[in-house]
Amino acid sequence: MPKSFNVNKYLRKDKMPHIWCPGCGNGMVMSAFLRAVDGLRLDPDRVVVVSGIGCSSRISGYMDFNTLHTTHGRPLAFATGIKLANPSLEVVVITGDGDATAIGGNHFLHSCRRNINITMVIINNNIYGMTGGQYSPLTPKGESASTAPYGNIEPEMDICAVAEAAGATYVARGITYQPVVMEDLILQGIENNGFSLVEVISQCPIYYGRMNKKGDAIDMLKWQKENTVSQKAASNMPPAAVKGKIITGILSTQYRPEFVEEYESIKKVAQGVKYDERRAEM
Amino acid sequence: MKSSRKLMQGNEACAEGALKAGVKFFAGYPITPSTEIAETLAEKLPRAGGVFIQMEDEIASMAAVIGASLTGVKSMTATSGPGFSLKQENIGFAVMTEIPCVVVNVQRLGPSTGGPTLPAQGDVMQARWGTHGEHAMIALCPASVEEAYYLTIMAFNYSERFRTPVVLLLDETIGHLRESVDLKKYEDTRIINRPVPWEAPGQYLPYKAEGDEPPPMASLGEGYRFHVTGLVHDESGFPVAGNHAAIDRLLTRLSNKIIKRQEEITLYKEFMTENAQYLVIAYGATARSAYGAVELARKEGYRVGLLHMQTLWPFPEKLVRQKTLGKKTVLVPEMNLGQYAREIKKTVADQTQVVTLSQVDGRIFHPSRIVAFLRGEAKYAQVL
Chain A
863 MPKSFNVNKY LRKDKMPHIW CPGCGNGMVM SAFLRAVDGL RLDPDRVVVV
913 SGIGCSSRIS GYMDFNTLHT THGRPLAFAT GIKLANPSLE VVVITGDGDA
963 TAIGGNHFLH SCRRNINITM VIINNNIYGM TGGQYSPLTP KGESASTAPY
1013 GNIEPEMDIC AVAEAAGATY VARGITYQPV VMEDLILQGI ENNGFSLVEV
1063 ISQCPIYYGR MNKKGDAIDM LKWQKENTVS QKAASNMPPA AVKGKIITGI
1113 LSTQYRPEFV EEYESIKKVA QGVKYDERRA EM
Chain B
6 MKSSRKLMQG NEACAEGALK AGVKFFAGYP ITPSTEIAET LAEKLPRAGG
56 VFIQMEDEIA SMAAVIGASL TGVKSMTATS GPGFSLKQEN IGFAVMTEIP
106 CVVVNVQRLG PSTGGPTLPA QGDVMQARWG THGEHAMIAL CPASVEEAYY
156 LTIMAFNYSE RFRTPVVLLL DETIGHLRES VDLKKYEDTR IINRPVPWEA
206 PGQYLPYKAE GDEPPPMASL GEGYRFHVTG LVHDESGFPV AGNHAAIDRL
256 LTRLSNKIIK RQEEITLYKE FMTENAQYLV IAYGATARSA YGAVELARKE
306 GYRVGLLHMQ TLWPFPEKLV RQKTLGKKTV LVPEMNLGQY AREIKKTVAD
356 QTQVVTLSQV DGRIFHPSRI VAFLRGEAKY AQVL
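Residue numbers (this note's numbering), protein chains in the order written: chain A, 863 to 1144; chain B, 6 to 389.
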């Protein structure tokens, strides 16, 4: 992290204080994202941040870029329109686990499949915070939520595995306990020419933490430290030692053609073939 | 000289009208009976330097259209009943954030899957009130292939002029109808583009309006770095949940910018209304039947005329009051159970009688039903 970094130049300071609860991880993700933008020397005029609905999605209002706070679950669909209509913009979606994987699950799959050059950061706090602590697809089985008072019977989803299977060309998982690593994971995601997913495991001490006796924010960060292992370290550990741990770092990369570039090439095909000739061939 | 006449389908004419208006982005999802609009634009938009994308669902296509419009390009989607239902939330987002776009709904018989290829006009109220919350809407409704072309251009013009989503309400009959058309006369149709800010980026307030005029709209990436949210917001664009005066200003202006300009937005035609005792008010495919019926009935000596509405919303109160004044009876044939007739009744109850001639059997409205009413032989006519 360069010493000269000044977070203030990217913030809409007049919109402070933010709405987030004490101990929430959203600010840590915002800070890491801004350091990544700074590290890449991106022109703020060309950066578009799109968010959905929920606590974490309020992030778009606090940062001085082109910002769009959309409807629940739909930020990727809005972002797809923006990126296709103006490919020169750097489009980033930042949203929460409920928005991205429940109501927005379909858009998530198809954005990965298209491999459109958008970077998505999912802040995973395992809960719907804005509405007061209901279980999400990323709430671990057996945990409690206001709508799972006897324990959640739904198994959680491994969103990184889903992203890789669906075709995302860069998939990484960070934790708020490691902000510098998180910054680097986001930075590399933005650099990837294709769809990048960065899942950040975050803490919600007020709802998820309190309902599941996880302690305060510091306890929850300590839990992250004890229950995660980096991809690099895991590759040198016996499988038994890795079992049950959450793997962090860059989980997968693959090369596939980028969607907007594919469309630009099909445009040329379209412009070179006369309508009547094509009809005649059919 | 080569004739400029062409045989064209209503859905094709809609796509051609969009191209004429300068559409550069289409996102859609396959659905009968609107698919030909997507198919035509999938072929023609990339040739015109634009973008076509088939999204994963109807909701996503509405969202993508709004996103694209924010970059400064004219954008459109097309669907039918079930898809129109799914799009409603994001249509509300476009209303609230004042993002121009055109939403084509080629009506089928509903509710639910209903009759995908059966004609109906059951979405008239959905076009007006489909999304939640207090708002105004603009909805246009063509009755011919030529009108599908012209009203698509006008839908874009109004959406850009008023910074609002505009619904183009075709029905299955018009969408799939093929007619010989000469579109040359529309070559010089005025094309309207959204108002853009003149202020330097530092001074721009994205929702600062003069009176109830729509505010100028900057595009993403031009240096304005503004915020767009579906939450209630003030002139700066940022949420203002606690500022009730600002909320009131916003919601009132969103309605007034359209309702107060109903005369600018109202498009209509009149047919044989001179000395008419009876006035038929019709729109879409039903208006076609009404033209025939009025002609037949005049031959039989009935003094009947037609007010053919091309703009359904905002409801043209002033026009309807003026045109129905002194009429013995106003007849409203519709392929629904009286959705627009009741709106007319609300407006003219003090000055004339309104009769609804409704039909929901999935067949087009036959002109003989209107003539039968005049002869006093009508079944299913209801005085409202």
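Source of the hints: derived by calculation from the structure; they are not laboratory data.
All values reported here derive from a predicted model rather than from experimental measurement.
Hints should not be assumed to be uniformly reliable.
Stated by the list, open to error - Here are some of the chain A residues that sit facing chain B, going by a computed Cβ distance under 10 Å:
1. 906
2. 945
3. 1006
4. 1008
Note that beta-carbon positions come from the ideal geometry of N, C-alpha and C, so glycine has one too.
Right, here's what the structure says about each hint:
no., hint, in the structure
1, 906, "holds, 6 Å"
2, 945, "holds, 8 Å"
3, 1006, "violated, 30 Å"
4, 1008, "violated, 23 Å"
Hint check: violations occur at hints 3, 4; the rest are consistent with the structure.
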